[in-house]
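Given only the sequences and the hints, what does the whole structure look like? Please build it.
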Amino acid sequence: DAGVIQSPRHEVTEMGQEVTLRCKPISGHNSLFWYRQTMMRGLELLIYFNNNVPIDDSGMPEDRFSAKMPNASFSTLKIQPSEPRDSAVYFCASTRGGHGYTFGSGTRLTVV
Amino acid sequence: AQSVTQLDSQVPVFEEAPVELRCNYSSSVSVYLFWYVQYPNQGLQLLLKYLSGSTLVKGINGFEAEFNKSQTSFHLRKPSVHISDTAEYFCAVSPSNDYKLSFGAGTTVTVRA
Chain A
112 DAGVIQSPRH
122 EVTEMGQEVT
132 LRCKPISGHN
142 SLFWYRQTMM
152 RGLELLIYFN
162 NNVPIDDSGM
172 PEDRFSAKMP
182 NASFSTLKIQ
192 PSEPRDSAVY
202 FCASTRGGHG
212 YTFGSGTRLT
222 VV
Chain B
35 AQSVTQLDSQ
45 VPVFEEAPVE
55 LRCNYSSSVS
65 VYLFWYVQYP
75 NQGLQLLLKY
85 LSGSTLVKGI
95 NGFEAEFNKS
105 QTSFHLRKPS
115 VHISDTAEYF
125 CAVSPSNDYK
135 LSFGAGTTVT
145 VRA
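Those sequence lines, one after another, are chains A and B.
Mapped onto the numbering used here, the consecutive letters of the first sequence carry residue numbers 112 to 223.
Mapped onto the numbering used here, the consecutive letters of the second sequence carry residue numbers 35 to 147.
Worth double-checking, as some hints may not be accurate.
[As the list claims (entries may be wrong)] Dumping the calculated SDA-like pairs for lysine to any residue here, alpha-carbon to alpha-carbon at most 20 Å:
{"no.": "1", "chain 1": "B", "residue 1": "Lys134", "chain 2": "A", "residue 2": "Ile166"}
{"no.": "2", "chain 1": "B", "residue 1": "Lys134", "chain 2": "A", "residue 2": "His210"}
{"no.": "3", "chain 1": "B", "residue 1": "Lys134", "chain 2": "A", "residue 2": "His121"}
{"no.": "4", "chain 1": "B", "residue 1": "Lys83", "chain 2": "B", "residue 2": "Thr106"}
{"no.": "5", "chain 1": "A", "residue 1": "Lys189", "chain 2": "A", "residue 2": "His121"}
{"no.": "6", "chain 1": "B", "residue 1": "Lys134", "chain 2": "A", "residue 2": "Asn162"}
{"no.": "7", "chain 1": "B", "residue 1": "Lys134", "chain 2": "A", "residue 2": "Ser169"}
{"no.": "8", "chain 1": "B", "residue 1": "Lys83", "chain 2": "A", "residue 2": "Arg207"}
{"no.": "9", "chain 1": "B", "residue 1": "Lys103", "chain 2": "B", "residue 2": "Ser61"}
{"no.": "10", "chain 1": "B", "residue 1": "Lys92", "chain 2": "A", "residue 2": "Gly211"}
{"no.": "11", "chain 1": "B", "residue 1": "Lys134", "chain 2": "A", "residue 2": "Asn161"}
{"no.": "12", "chain 1": "B", "residue 1": "Lys134", "chain 2": "A", "residue 2": "Met171"}
Honestly, the hints are just simulated from the structure, not real lab data.
Structural data, given as structure tokens:
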């Protein structure tokens, strides 16, 4: 099993540009989570999906952030337009109807 | 809502010494509890979890944790640490009827020779 796969590993972009982060969950896992990690705020849940349906997006910071899960094997987190305060490590995690996630290696986003 | 407090932000410890990382939680509903480890530039890895049953939970890499409902605590212990245990450790809680995890702020463990 390849685990949860995130791409890219690193992204540097200019303020105002659109950024898309990608996640492939573990095959057979039916819940997917997007977290953001910063020094100031720690690990924050942004959104989570169950069976490809968004269940709770209350952690999404503002309308500049959007997430989709078009099928069971792929999810995206988009930021448009990006701002320097969006700089963080973004993690995707998945689980199969249980408790205890498997995390991806994260995408380190830097907005300059 | 649930919240998690990790009482120590930094824990320096010598190799082969024991270590305890403290975690307290608050919740109005029954919860499940977790400890994760994060090595530098990596994602989080599940160390152990408490869902039900015995309050003493054993995990990977020689770690164990004890759930204490009356004290709302879930402290993590290892009797003898290695240099390779240097990492950040996160305590997390989820409601028993949901998968949403809330994390503590983390404890950085630095093991010295």
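Evaluation of the provided hints:
1. Restraint check: the Cα-Cα separation between lysine 134(B) and isoleucine 166(A) comes to about 10 Å, which is no more than 20 Å; the hinted pair holds.
2. Proposed proximity of lysine 134(B) and histidine 210(A) is supported: the alpha carbons are some 9 Å apart, at most 20 Å.
3. For the suggested pair lysine 134(B) and histidine 121(A), the alpha carbons sit about 26 Å apart, so the restraint of at most 20 Å is broken.
4. A distance of roughly 15 Å separates the Cα atoms of lysine 83(B) and threonine 106(B); the hinted pair therefore holds under the 20 Å criterion.
5. For the hint linking lysine 189(A) to histidine 121(A), the alpha-carbon distance of about 15 Å falls within 20 Å, and the restraint holds.
6. Restraint check: the Cα-Cα separation between lysine 134(B) and asparagine 162(A) comes to about 15 Å, which is no more than 20 Å; the hinted pair holds.
7. The hinted pair formed by lysine 134(B) and serine 169(A) meets the criterion: a straight-line CA distance of about 12 Å does not exceed 20 Å.
8. With a CA separation close to 15 Å, the supplied pair lysine 83(B) and arginine 207(A) stays within the 20 Å bound.
9. Only pairs whose Cα atoms come within 20 Å are accepted, and lysine 103(B) paired with serine 61(B) is accepted, the gap being roughly 11 Å.
10. Taking the CA atoms of lysine 92(B) and glycine 211(A), the gap is near 15 Å; set against the 20 Å cutoff, the hint holds.
11. Distance check on the hinted pair: lysine 134(B) and asparagine 161(A) sit about 11 Å apart at the alpha-carbon level, within 20 Å; holds.
12. Our distance criterion of 20 Å between C-alpha atoms is met by lysine 134(B) and methionine 171(A), whose separation comes to about 14 Å.
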